[in-house]
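Below are the chains, spelled out letter by letter.
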Amino acid sequence: MGISLKEVSYSYNPKRKGTKYALKNVSLEINERDEMIAIIGESGSGKSTLVSLFNALKIPTLGEANVMGITIKKIRKRKENYNSIRKHVGLVFQFSDYQLFEETVLNDVMFAPMNFGYKKEEAKEIAIKALNLVGIDESFYEKSPFQLSGGEKKIVSIAGILAMEPDILVFDEPTAGLDPETKKKMIELFRVLNRDLHKTVVFITHDMNIVMEYAKRVIVVADRTIKYDGTKEELFLNHLDIVKDAHIDYPDTFIISKMINEKLNKNINQLLESKEELLEELLKDE
Amino acid sequence: MNNFVLGQYVPGNSYLHKLDPRAKIISTIVLMVAIFFFKNVYAILVSLALIIILLLTARLSIIKAIKGLKPLLILSLFVFIFQLLFNRQGDIIYNTKLYFSLTSISAILLITIIYFISLKYLKLKFLWLLVYLSLIFISLKYLSFVELFNPFDLNIYKEGLNTSLFVFFRLITIVFISTLLTLTTKPTDLTLAIEWLFRPLKIFKINPEEIALIITIALRYIPTILDEAYKIMDAQAARGADFKNGSLIKRIKQLVSLLVPMFVISFERSDELADAMLSRNFVPGKPKTRYHILKWNYKDTVALVIVTLFLGGAICLYILP
Ligand SMILES: Nc1ncnc2c1ncn2[C@@H]1O[C@H](COP(=O)(O)OP(=O)(O)OP(=O)(O)O)[C@@H](O)[C@H]1O
Ligand SMILES: [Mg+2]
Numbered sequence: 001m002g003i004s005l006k007e008v009s010y011s012y013n014p015k016r017k018g019t020k021y022a023l024k025n026v027s028l029e030i031n032e033r034d035e036m037i038a039i040i041g042e043s044g045s046g047k048s049t050l051v052s053l054f055n056a057l058k059i060p061t062l063g064e065a066n067v068m069g070i071t072i073k074k075i076r077k078r079k080e081n082y083n084s085i086r087k088h089v090g091l092v093f094q095f096s097d098y099q100l101f102e103e104t105v106l107n108d109v110m111f112a113p114m115n116f117g118y119k120k121e122e123a124k125e126i127a128i129k130a131l132n133l134v135g136i137d138e139s140f141y142e143k144s145p146f147q148l149s150g151g152e153k154k155i156v157s158i159a160g161i162l163a164m165e166p167d168i169l170v171f172d173e174p175t176a177g178l179d180p181e182t183k184k185k186m187i188e189l190f191r192v193l194n195r196d197l198h199k200t201v202v203f204i205t206h207d208m209n210i211v212m213e214y215a216k217r218v219i220v221v222a223d224r225t226i227k228y229d230g231t232k233e234e235l236f237l238n239h240l241d242i243v244k245d246a247h248i249d250y251p252d253t254f255i256i257s258k259m260i261n262e263k264l265n266k267n268i269n270q271l272l273e274s275k276e277e278l279l280e281e282l283l284k285d286e
Numbered sequence: 001m002n003n004f005v006l007g008q009y010v011p012g013n014s015y016l017h018k019l020d021p022r023a024k025i026i027s028t029i030v031l032m033v034a035i036f037f038f039k040n041v042y043a044i045l046v047s048l049a050l051i052i053i054l055l056l057t058a059r060l061s062i063i064k065a066i067k068g069l070k071p072l073l074i075l076s077l078f079v080f081i082f083q084l085l086f087n088r089q090g091d092i093i094y095n096t097k098l099y100f101s102l103t104s105i106s107a108i109l110l111i112t113i114i115y116f117i118s119l120k121y122l123k124l125k126f127l128w129l130l131v132y133l134s135l136i137f138i139s140l141k142y143l144s145f146v147e148l149f150n151p152f153d154l155n156i157y158k159e160g161l162n163t164s165l166f167v168f169f170r171l172i173t174i175v176f177i178s179t180l181l182t183l184t185t186k187p188t189d190l191t192l193a194i195e196w197l198f199r200p201l202k203i204f205k206i207n208p209e210e211i212a213l214i215i216t217i218a219l220r221y222i223p224t225i226l227d228e229a230y231k232i233m234d235a236q237a238a239r240g241a242d243f244k245n246g247s248l249i250k251r252i253k254q255l256v257s258l259l260v261p262m263f264v265i266s267f268e269r270s271d272e273l274a275d276a277m278l279s280r281n282f283v284p285g286k287p288k289t290r291y292h293i294l295k296w297n298y299k300d301t302v303a304l305v306i307v308t309l310f311l312g313g314a315i316c317l318y319i320l321p
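If you're matching them up, the sequences are chains A and B in order.
Counting along the first sequence from 1, when you hit position 77 you're at 77 in our numbering, and nothing is skipped either side.
Counting along the second sequence from 1, when you hit position 142 you're at 142 in our numbering, and nothing is skipped either side.
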């Protein structure tokens, strides 16, 4: 169960001759519970394409995906019904403009529960719960999603997926464009979902500090394929070539501890998850 | 999506490509007018043949041209059948009895069911429709066992057949002519030409540049808006909307739920576009430097002379008894 891709390639215009694949020969396994995965890689490397394979929004051009026991494959016959996949795997789009479409914020968040057969009142309850979780208060409910600021749109679109109560939550750059405090709140919310509700959370980000602090597993996408899939420690310790080739930043803690080690001739662990831990380590060392 | 009406342009180097778009637009209009002066089907067939020769000598694919017919095929088929059945002038050239019997009606039901089921799996839908209609005709004609009503006398009259062929081919010829234009002319050139042709409207204080701008933006945004529709469908699918199953009413509801955000988003986009243009110093109505300048060539004059002669010929045929 969970998500599994087997040698999947994806092209946006497969019929054209000499087509370029946005993703080539990708294989991976994601459990349906308890994972906290960061997907990183430079712009245009194929991250968004990869995650839209997770809930069958895109169908592999080559190879096959299997999500929650349902096989997703390009067949010429009738299109399969992938609705049950969407209930299990919630995907928050990179561009919230594309995700919001209802007339009011509340209606938009209610869209998913209504589709899964809840009555209007129940759907409203679920929606309000989700909006509370992300910290959107009542004064927003009747606004049009298109009147919101960029960051507010992002938060509402996250609520729209939380309201679906999926097992696996996939966020495409959830923190881009958020102020530092809201950013922190969102990512803490993901941690709660993962730790307390045992959900699998997958997020795409360009922020290595978030990766270092929150992710358990890291997937590096570069050159249209997966270049690395494993722990963050292993990546930053033993695969610096990949980090360099994929144009990935180092986390602040990594850089600072490295500088301290070099300049002050110390031997501090470079793979600390947060600045607080780094400080602790330093004090211990004194 | 790529076959969309005005996005049909196929880059190329033929003499049709090289003609000035103004000459092409005027010629297209002149040719279409000429076609309407023809009274018999032979003149139309000759024109159609000429158009096809033009297509071929310009190395354009006939298949593309036929694809341009697609939206009109069903319409022309029904015009054809309608004329055939209800135009009752001239001699009867074909007569048969159609039986509405238990056997023929059940056969039709069966064929209809098979037709609609198989429709989902087939590519050449139009051909299939033709097969379907002929199968219905065959059942009505031959399956007379256990009659329920009096048989229907089907008469086809000479005039009816003529008119229906005439209307059918005229429609095809007109579409081919316009396809010739859209296949060989870049949308940007088209708008430039339209702008030029609208210049006389300046007398009425209408700015041709604005009209051209409106057309350009509309052309530019058709694919974007389609794309937008697909994105919203994705967004709805990602949250469990079901497009493939469900009753007709459910699907209509889905469609409405797509249209509302489409409108909202289109208005949003138009605001954004206006801002984007203004912030790059666009002033409505102010003359601006052009990327392309249209050049009239002697070949364009030749083309115009030829089509005008053609129109003259058509008018002569019309007036002469
Ligand atoms: N709709 C599309 N049509 C054609 N090509 C596309 C489309 N969307 C993306 N691509 C191409 O696919 C490749 C991967 O795009 P993708 O959006 O997955 O990148 P990404 O890693 O998410 O980048 P970013 O960090 O900028 O979001 C890019 O080279 C892009 O040009
Ligand atoms: Mg992306």
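If you're looking for bench data, these hints aren't it; they were derived computationally from the structure.
The beta-carbon is built from N, C-alpha and C at its ideal position, and this holds for glycine as well.
A couple of the hints might just be wrong.
[Unchecked claim] Residues from chain B that face chain A, not an exhaustive set, calculated with beta carbons under 7 Å:
1) Lys231
2) Leu259
3) Pro261
[As the list claims (entries may be wrong)] Capping the alpha-carbon separation at 30 Å, the derived lysine-lysine pairs in BS3-like fashion look like this:
4) A/Lys87 with B/Lys253
5) B/Lys141 with A/Lys73
6) A/Lys119 with B/Lys250
7) B/Lys141 with B/Lys120
8) B/Lys123 with A/Lys20
9) A/Lys258 with A/Lys284
10) A/Lys124 with B/Lys123
11) B/Lys125 with A/Lys74
12) A/Lys143 with A/Lys119
[Claimed, not checked] Chain A residues, not near chain B, derived (Cβ > 10 Å throughout):
13) Lys17
14) Lys87
15) Asp97
16) Phe101
17) Glu102
18) Glu103
19) Glu152
20) Gly160
21) Glu181
22) Lys216
Okay, the hints, checked on the actual structure:
no.	hint	in the structure
1	Lys231	4 Å, holds
2	Leu259	11 Å, violated
3	Pro261	4 Å, holds
4	A/Lys87 with B/Lys253	21 Å, holds
5	B/Lys141 with A/Lys73	46 Å, violated
6	A/Lys119 with B/Lys250	17 Å, holds
7	B/Lys141 with B/Lys120	28 Å, holds
8	B/Lys123 with A/Lys20	27 Å, holds
9	A/Lys258 with A/Lys284	17 Å, holds
10	A/Lys124 with B/Lys123	44 Å, violated
11	B/Lys125 with A/Lys74	22 Å, holds
12	A/Lys143 with A/Lys119	22 Å, holds
13	Lys17	14 Å, holds
14	Lys87	6 Å, violated
15	Asp97	8 Å, violated
16	Phe101	4 Å, violated
17	Glu102	7 Å, violated
18	Glu103	7 Å, violated
19	Glu152	15 Å, holds
20	Gly160	7 Å, violated
21	Glu181	28 Å, holds
22	Lys216	25 Å, holds
Checked against the numbered hints listed earlier, the structure breaks hints 2, 5, 10, 14, 15, 16, 17, 18, 20; every other hint is satisfied.
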